[in-house]
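Trainee: If you want the building blocks of each chain, they are given just below.
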Amino acid sequence: MAGGAVAAGGAASAAIAAPLAISPTATAMGRPIDASVYGLPSKYESHVARRRTDVFKNRQNWSDWSMTPLQHQPGIVTPNGLVFERHHAGTPDIDPKTHRLVIHGMVRQPLQFTMDDLMRYPSVSRFHFHECSGNGLTDWLKPASTTVQQTHGLLSGVLWTGVAASTLMEEAGIDSRGKWVLFEGADGSAHTRSVPIEKVLDDTLIVYAMNGEALRPENGYPVRVVIPGWEGNVSVKWLRRIKVADQPWHFRSETARYTDPMPEGKWRQFSMVMECKSVITSPSGGEQLKARGFHEVRGLAWSGAGKIRAVDVSFDGGRNWREAMLEEPVMDKCLTRFKIGWNWEGGPAVLMSRAVDSTGYVQPTVDDLRKTRAIVGFVQHHNAIQPWTINANGEVRNAIGQA
Amino acid sequence: MAAKSAIGIPLGSSGPHAVQPLPDKPRFGQPVSESDLAAWNIDIRAPDGLGLPAGRGSVAEGKRIYDQKCLACHGADAKGGSVYGTMVGGIGSFTTKARVVTPGSMYPYAPIFFDYIRRAMPMDKPQTLTANETYALSAYLLNLNGLVPADAVMDQNSLPKVQMPNRNGFVLDDRPDARAVRCMTNCK
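Chains as they are written, first to last, in the working numbering: chain A, 24 to 426; chain W, -9 to 178.
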């Protein structure tokens, strides 16, 4: 046994130090019900918060990002106050009464919609993961981040509610020449992307609600696009304009940004799908196992190409793997919970998870990805396997590129 | 293959695309004309500059506007300032291990300058520059990157003709590009 730094868990042996007393909360009245209030988490949960990256210091916080505390998220739904943020010019406060959405360009009849108009259409609610293409960009070849919030927290799971984009597009009447669709925001960046019309008519949503309430301002209030399974920034927030054309626009946001370095000085463009990925969220970086014995290893898996078919977990750095249990529901382009029991005997271990999606794609290692991509500079679309090392003291550390 | 229940009852089609059938399609959009939304219609198609408005601006005018409205964040001569890094240089760096991404090294088409500056800059007052100011700033940044001469004037005809060094620098998405194997035992 290594050092005996942690106690053996689970043994019912010594008597407890003191008998259980009646808690003060059981001998007093609690807080009364307010006439009207928006409820907040317990004051004991204040450590659960979005955080900016502690690796990459932007010198302003308008074009910046904050990350979801995945280590504290049970299940597959991210509470609205914890859904990650990425803005290019800060969060606007848009009055839904005056906001308008227009569809124009290569359509039979240009149209404008009020928010009241949009909410009258047949509604669609769907669970999807939402992930920034830059998730993991600070941690490719060696560890820079400590926690899973910092390595993987540009990821959230949301029940989106809105209108099928196809409903609105068909009302405007798409010209047969129309092959690409522009989405543009009403924020100070007027963020814009070109999206192929096939995807827009397939499963794209024009969304006004998330997780049972109106969109939060930082997530696009009062209306945004959601393009399931694709890199987050194509799901334009604060949507004001949809335009149909026969070609892509090649905006800055799809040439100088959101493109991926490739060998021989090239850049991969319109890399939209977020490929199959998984990460162990418990135990994860910055935590410490307090006892030997049983631990339920838990994590999240997702794929922009379909459903999660399986997740394997290794405890020895990738030499041997065991298939984990997937927790229902397992949904298309959605966070999927996996878990597997593990008996930690107190020695060093290297934990990693590897997801397989419904297309048969197997989550790669960084070395697998390096065979075809150039890992240089600001590298996006990092879906490689994440190793966590555990030492004899139970301390869990990020080991990307090391294990 | 049609899905069936455990006792063989066909379940039919279902899934995320199911929309409730309606006797008549609801139509709530209000007709609007292109001229009504002209103030919003700011996109420029970068390869040929479709959408570029009338107007013109010179390198010298661009420097004057830059020094007033841009320098505080981007620094003198666009070499990097208090908030953002350099916007000049980097041409030829993409085949090295240190790629320097600037508008000069990265944009495949010069009309991106006009589109992006007009929609997003200056960061504290976007969509307030005139067409002339936006052409002038485009000319100035192109000149600082060595891509147009000091006496250049940019307008809807000249801007799309500027040859950008990264014109052929992009490849379309060809993923999946990894072929990992699902090995379960003695894998390394």
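Keep in mind the hints are simulated off the structure, nothing from the lab.
Do not rely on the hints blindly, as some may be mistaken.
Unchecked claim - Over 12 Å on every C-beta distance to chain A, these chain W residues come out as not near it, computed from the model: (1) Ile55; (2) Lys59; (3) Leu61; (4) Gly79; (5) Val91; (6) Gly136; (7) Pro139; (8) Asn147; (9) Gly159.
Claimed, not checked - Straight line, CA to CA, 25 Å or less: simulated SDA-like cross-link-like pairs of lysine to any residue: (10) A:Lys289 - A:Glu241; (11) A:Lys120 - W:Gln20; (12) W:Lys69 - A:Lys120.
Positions of the beta carbon are idealized from the N, C-alpha and C atoms, including for glycine.
Trainee: Now look at each hint and say whether the structure bears it out.
Mentor: Taking the hints in turn, this is what the structure says about them:
{"no.": "1", "hint": "Ile55", "in the structure": "holds (19 Å)"}
{"no.": "2", "hint": "Lys59", "in the structure": "holds (15 Å)"}
{"no.": "3", "hint": "Leu61", "in the structure": "holds (15 Å)"}
{"no.": "4", "hint": "Gly79", "in the structure": "holds (14 Å)"}
{"no.": "5", "hint": "Val91", "in the structure": "violated (6 Å)"}
{"no.": "6", "hint": "Gly136", "in the structure": "holds (18 Å)"}
{"no.": "7", "hint": "Pro139", "in the structure": "holds (23 Å)"}
{"no.": "8", "hint": "Asn147", "in the structure": "holds (19 Å)"}
{"no.": "9", "hint": "Gly159", "in the structure": "violated (6 Å)"}
{"no.": "10", "hint": "A:Lys289 - A:Glu241", "in the structure": "violated (34 Å)"}
{"no.": "11", "hint": "A:Lys120 - W:Gln20", "in the structure": "holds (15 Å)"}
{"no.": "12", "hint": "W:Lys69 - A:Lys120", "in the structure": "violated (43 Å)"}
Consistency with the previously given hints fails for numbers 5, 9, 10, 12, ordered from lowest to highest.
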